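Student: The residues making up each chain are set out below.
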Amino acid sequence: MKIAIIVFPGTNRENDIRAALVTAGVAASNLQLIWHRETAIPAATDLIVLPGGFSYGDYLRCGAMAAHSPIMREVKSAAARGVAVLGICNGFQILCESGLLPGVLLSNQGLKFVCREVELEVATNQSIYSRKMVKGHRLRAPVAHHDGNYFAAPEVLAELQDRDQIVFKYAADDNPNGSALNIAGIIDSSRRVLGLMPHLENATDPLAGGIAGRAMFDSILNG
Amino acid sequence: MIKAQIFVTLRAGVLDPQGSAIGHTLNGLGFAELSSIRQGKYYEVELATDDRKLAQAQLEKYCQTVIANPVIESFRIEIL
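Protein sequences appear in the order of chains A and B. If you read the first sequence in the working numbering, its first letter stands for residue 1, the second for the next number, and so on. If you read the second sequence in the working numbering, its first letter stands for residue 224, the second for the next number, and so on.
Hints should not be assumed to be uniformly reliable.
Some chain B residues judged to face chain A by a derived CB distance under 8 Å, without partners named [stated by the list, open to error]:
(1) 235
(2) 237
(3) 238
(4) 244
(5) 287
(6) 289
(7) 292
(8) 295
(9) 300
Everything labelled a hint here was simulated from the structure, so no lab data went into it. The model shown is predicted, which means the values in this text are computed figures rather than measured ones. Cβ coordinates follow ideal geometry from the N, Cα and C atoms, glycine included.
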């Protein structure tokens with residue numbers, strides 16, 4: 001599998017996702033970091049990752065400037081061709097700002113940056129990102145964000161539920177940010193574009209953060 | 224040259240924790256009459272044109288594409 005990791009000014013988790021993918025079995029030669037000023041994504045790319053961080057210093061709104069970076073035109077057209085796109089944390093915010101996912105991520109309800117482990121629930125395994133997981137299964141993963149409070153109009157939330165597009169939820173008693181429907185991760189209607197707030201890439205090493213996140217990478221790589 | 228102002232405000236129903244925090248602080252200082260305060264954003268813009276109609280159209284595009292997110296915000300443009 002060929003994977004392109006997009007790097008914006010302020011992105012800081014590109015090496016975390018790269019390490020998680022190498023741990024999961026991806027050859028380093030199949031992983032490429034792509035600077036946001038680039039105007040092409042390598043041919044035969046199977047997965048594009050928008051990693052976490054603080055692109056453009058979170059100016060204006062989180063992800064708003066990155067959503068208009070030159071490379072995002074290519075990300076959008078790749079997504080339209082069916083290339084899988086995974087946005088984690090700031091990547092999720094960029095996907096919402098660019099219109100690849102509905103809704104928006106507002107400031108955490110408690111107004112604080114939250115950096116801790118949370119309890120997640122697999123809300124569906126009908127996705128290339130969760131097919132090796134069990135629906136309803138709980139896992140612990142770290143979050144580290146200031147703007148993770150998912151918000152969308154009531155009709156959009158109803159549609160996400162009706163179409164089984166909520167992939168990960170916070171446990172009802174462990175919602176760290178006030179997110180609607182306890183949403184931690186949603187997939188688009190093509191079921192190829194996932195936005196995810198928790199850092200499952202930081203839950204792939206038994207020495208640091210546990211290995212609960214490995215099931216997502218196993219799902220991506222070993223359908 | 225045309226000068227303009229853009230006001231971006233959160234739509235009704237969108238939580239504004241910063242506005243709430245500011246309100247709590249003002250209430251705590253004794254300003255008991257304050258019942259609601261919502262935080263927004265304000266921009267000062269200059270356009271290198273004298274065509275007010277064009278300016279209005281372009282300013283709306285700025286807001287729709289970058290400056291405001293229609294999911295949570297609405298905007299108001301004032302050409303001076």
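Student: The structure should be examined with respect to each hint, and the outcome stated for every one.
Tutor: Now the hints, each set against the structure:
1. 235: At about 12 Å, which exceeds the 8 Å cut-off, the nearest Cβ of chain A leaves the hint on residue 235 of chain B violated.
2. 237: holds, 7 Å
3. 238: Result: holds, 6 Å to nearest chain A Cβ.
4. 244: Given a least distance of 6 Å, the restraint on residue 244 of chain B holds.
5. 287: violated, 12 Å
6. 289: This hint holds: residue 289 of chain B lies near chain A, its Cβ roughly 6 Å from the closest one there, short of 8 Å.
7. 292: Result: holds, 6 Å to nearest chain A Cβ.
8. 295: It holds, given that the least Cβ distance between residue 295 of chain B and chain A is near 5 Å, below 8 Å.
9. 300: violated, 17 Å
When each numbered hint is compared with the structure, violations occur for hints 1, 5, 9.
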